[in-house]
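> Here is what each chain is made of, one letter per residue.
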Amino acid sequence: MSHNFKFLALLVSLTLVRGLIYIAIFPPWLAPDEPAHFEAIRLMGQEGVWPTQAIYLTTPMHPDMHTSFQSFQIWQLSGYAPPQDALNPHEPVNNLFIYYYPPTSTGSLIIAGNYPLVYHVLMAPLSALVKNFPLVQQLYLMRLVSLLFTTLTVILGWFFAQTIFPGNKVYAFGLTIFLIFLPMNLHVNTSVNSDVFVVFLVSLYFFGLAKLFCEGVSLSKIGLTAVALGLAIMTKPTALFIIPTTFVALIVYLARRFYWKPLLLTGLLVIIIVLTFSGSVVLFQVTEGGRAISTLQSFSQPLNLQKNYFGPSSWAIYLHTIRWGFLSFWGLFGWANIPILRTGMRVVWLICLVIGFGGLLFIKKYILPMGQSQRTLSSNQQDILLVLLFSLIFILISMYTPIIATQSTHWGPPSRYFFPALLPFSLYFFLGYQQLIPARFYSLTLPIWLAALLLFDTFAWGYVLIPRLYG
Amino acid sequence: MRKKHWSIIILLLIIASGSVYQLLWGRISNFDTVYYSPLYSTDIYFLAGDAQITQEFEAEYPGLSRIELYFENQANNNSNEVVFHLKQQCDAAEDIETFTVKQVSIVSKQAFPLTFSPLDDSAGRRYCIVVESKSGEVDSSLGVYASGVDTYPRGSATYKSNTIALPNSSAVALTNQIWLPIVQKTQPVVQHPFDIGFKLYYNGKTGATLQTLLRQLAAYKPGPLGQPMFYIFLLLLYGGLIAILWVVILKVQKN
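If you're matching them up, the sequences are chains A and B in order.
Under the working numbering, think of the first position of the first sequence as 1, with each following residue one higher.
Under the working numbering, think of the first position of the second sequence as 1001, with each following residue one higher.
Next up, chain B with everything else stripped away, as it sits in the complex (with noise of 0.2 Å):
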């Protein structure tokens, strides 16, 4: 009796002292250099003035409902305003959705949301989201995360520098962040293809979204499992097999 309090004891310290060291010291960002991708952060594009900056994308599911995009922001305390436009194309004039932000309100290197009410015929629709702040000053600029080279096959990619002068357009590198004025002043358009970083999220309907979801599966792949019948059939039989696995394991556990 008395070696059963103390398993019941220590195994109470265990739990305690994880949970306290979860709740004092724990840090979910200690695993993010295994999640963290470089991919999209070799390169970051300047804001200011008239620039912008351009990506295509093509939208895989319907209900798009939620574009993320990363940035590096310089703005301590400014009202610059940053302006999204949503367009069916990058030339196009119409825009689908269009967000004005205030600068100051952009977290570097966290994702930056667009929330817009679904567009429920989004699935293999192409879509562009164009960037462009109002920044009237160097030091309040910002930055948009982007690849060094093509990695999204879908779509790319344009940056258009900015071309009317500016106040403190001489100004030299700011502390811990030289790259601003380099940038600024070395790369007036990119030739080469390049993606910025993005995520997409949706909010389809239930059933055009699995639709989809089997149509996807089934993409590119050989034989059976290039028909979206097949993920549906097996889905069944995995049902079945685990309802039988339990009769047996109460069975089993019972004798």
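In isolation and in its complexed conformation, chain A is listed as follows (with noise of 0.2 Å):
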């Protein structure tokens, strides 16, 4: 066995020993919207029904679902109460889910029409097959599924780092380590959710991108990112990033096969940048968001951009929605919003601000000088780097553009809408935080970013949420 399939299988075990980990300390139905898709996928599965509006209001949820609801203290440990029976107040209001769940948590039912199915789809066949089993077993069973996904992604991390930076194992084993390492993907994606397919489906349309521009340009790596493009679009709006990510991979290409000039390249990418930005707030104002696309829905509501944007209530909810971003990428677990400690989250902020700014020098350092002679990365790696680079603002726009829509904070947004780009994100992170080692001290690199996220980790589950799950 080869040096390099012994160290990918080491941190696959590491992934899936991880990812039982998880899995075992979140009790079921904790993790977000994971009752929703449950049932959802419980219908088509074992009820052989499409989970419309009618079906769920004459379809009897499982009759264990409130009995496992109560045996695991969920309603307790989320802070949110169902609605209840006047005359047995320890019963739910009736049997139906839609009575029981969804109204604790805006927004938490998967209506065909309205919700893409793709992930439910896949996920139905296991539904049937497990029928038998009791409730908890089947939803465990499903988390396993996740978490096979997850150990799908980590390896895609590996071989993506290692066509972008053949011959050097520290960014392969720095990208992974990161993904295996970072909390709340793996609290996240070891849960029954579409997230987890999503974020599959687009790290495999990222490697596709990366193989595109390190290895030539063939037919099957354009079918491969192709096919990934179009499921993940599919699968969830959150993936919807990846369609301008595609037009500068398509622009930065030919910049470079027909030697477009740097000013005709940065006018383009501009233009595609404000386009985005513009296109994605419109279709929060005359649509329910990027579902429409996703679920081809027409467009219905009109357009209101007269609202003021930059007044002080604007400026509030754009602070505040950042900073619930921020902390839920780091640590705000479950339905539950478990947070890791406050004061710890100062020292995050001010971490990830020199990190940033280490991102900012490798960007200025090794991407900006396109073309020049004395430059370290091959033409190749630049491109697939500024194309990254591109991914990551565009899914900060379509993360943020809702909230400045809307003017609203109804969108959140969650860190696991943020998921889909981790490949890019811990690829430019990872570069970010190498920027900051001294030369003299470059052996140490891997060893203090392992350090780091282990102690993360081990704080996050050992110290926060244990205690608060099982205390």
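Keep in mind that the hints were calculated from the coordinates and are not lab data.
Treat the hints with care, since some could be wrong.
Said to hold, decoys possible - Short derived list, chain A residues pointing at chain B, Cβ under 8 Å:
1) Phe7
2) Tyr140
3) Leu353
What the hints assert, rightly or not - With a Cα cut of at most 25 Å, we get these calculated DSS-like pairs of lysine-lysine:
4) A:Lys131 <-> B:Lys1221
5) B:Lys1251 <-> A:Lys6
6) B:Lys1254 <-> A:Lys6
Computed from a prediction, not measured in an experiment: that's the story for all the values here.
Where a beta carbon is used, it is the ideal one built from N, C-alpha and C, also for glycine.
Could you use the hints to bring the two separately framed chains together as a complex?
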């Protein structure tokens, strides 16, 4: 077995063990929207019906649903309360799921026509297969499938980094270690939710892009990237940012192929950013959001651009959502929104600011001097890194324009909306961090990286999650 | 060289401005809306005269040593006292612990702690906390935050309203505190199940606490996840893999 595969086997084992730890720690139903996704899959797989509004109003939920919520103290942990029967206060109002979980969690109902169902269709056969198993066991089996997708994402991350930086395993280790030790990634992507599948598909898309740029164009690579792109968009609107990313990839490729002037390239990239930003604002004004594209709905709401986007209340919303997005990326666990310690967040803010500065240094040093003779990276590396940088800009646009467009915090944004861009983010985060390590301490780059992430993660589950969930 | 200096200066500026911002304007409470659960603050139960509120609960770990409750305090400057009784059962004659505190020391909406010597055998045992205020005036009364519905499956609360005549009982609504007289007049006995907001803290022996934790982790879970030993195995496996990863990484970085 080559060294490469030995390393990969180690990382895969670590992902599986850590995934099992997170699956075991988090009680059933406590992950974001997990009951809603599970119920939609169950309706399709076990009841043989499409999860429409009418079906939710007539088909009873699994008879053990309420009992398992009670056994695991889900209502108490989440801080919500279900609508209760006036005569029998320990019982729900009735046996319909639509009146049980969704009223406590806005939008937590997967309805055919309003919500993309690719993931649910994929999981329905498994649900049919385990129909006679106890309810909680069914849920854990589905979580194991999510762990499988997460492991595949880590494998993709390894090869993705190796494709961009062949012959140097430091980057592959840096990227995959971040994926494996980011607590929220392990938590969200080992639960029953379409997020895990979309993260895998978008990672596949980025892997395809890296192959195209670094190893040359071929039909199979284009096919792989296109299939991943299409499936990802159909699976969840959080993948929509890869549409403008694809345009940028095409433009960067053409610019290199036909020796476009830097000014022309810059102009086109700026135009794409402006169009993506304004298009995203308009999209959220005239529809219920990106789901309209994923489910091919018609646009029904009137456009209203007369709002005051720069008033004090608007800025308060922007600041709040930036804080919330940041917090939920590093540690705001489950539907219960369990935070990592507040004072700890200040340190994380500071570290991220410094690493962000390192990232800027990297961009200025290695990506901006395109075409110059003294550059360190190859033109292929520069191109793919530029495309990845734009993908990060686009995902931020897609996360925050709903808030700008609606002037409300309705859309969060929870960090899982950012997770489809985990591959480029992890790479840039590592590159930014690497810029901060002085040359004479270069041999400590990976050990410090691992130590910091390991400490953070151990703190999260050992000091925050377990005491909160089982204390 | 000059470029390097600029980088360091900008870096220091970012760190300095971030630190100054946190020192001068940083407010941890900004995150309160994210963390704050409205579950245990939908209702307030009024304590005055001989009114009393009780809450049953089950301690999950050994070493129960602290209970936190949440209040809305109307007292500005009085000598009223609040009495807390920790009992084995709500109707037990004897107290395990009794606390008498000045009402003015209770801060509204903040967790009010009752700290006592750890009860080493508390795991799995049921307890009851009884709260009564010795307030003789309506406008210096104490409200206990509670849920409007039954949220805690391992016990419930009871509320007995005041039965003795109080001076100022016809008082009009206080400024910004309209709920007080309304609650006093309309809720003599609460029929529906509810719970007050509370938190339990433990300070038990390590071995016993870990044993309980393993049992809690495995409770109600299927297959191997339902076996306490599985968690020890998982932890050992994880430790082993981490050790191998360290060795590998040090090697990779060296090469």
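> With reference to the structure, classify each hint as holding or not holding.
These are the hints, each one checked on the structure:
Look at Phe7 (chain A): its Cβ gets to within about 6 Å of chain B, closer than 8 Å, so that hint holds up. At a threshold of 8 Å, the smallest CB-CB gap from Tyr140 (chain A) to chain B is about 6 Å, leaving the interface hint in force. Evaluation of the Leu353 (chain A) hint against chain B yields a held restraint, the C-beta minimum of about 6 Å falling below 8 Å. Of the supplied pair hints, the one linking Lys131 (chain A) and Lys1221 (chain B) holds, its CA atoms being roughly 18 Å apart against a limit of 25 Å.
Taking the CA atoms of Lys1251 (chain B) and Lys6 (chain A), the gap is near 13 Å; set against the 25 Å cutoff, the hint holds. Distance hint between Lys1254 (chain B) and Lys6 (chain A) is fulfilled; the C-alpha atoms sit about 17 Å from each other, no more than 25 Å.
Checked against the numbered hints above, the structure breaks none of them.
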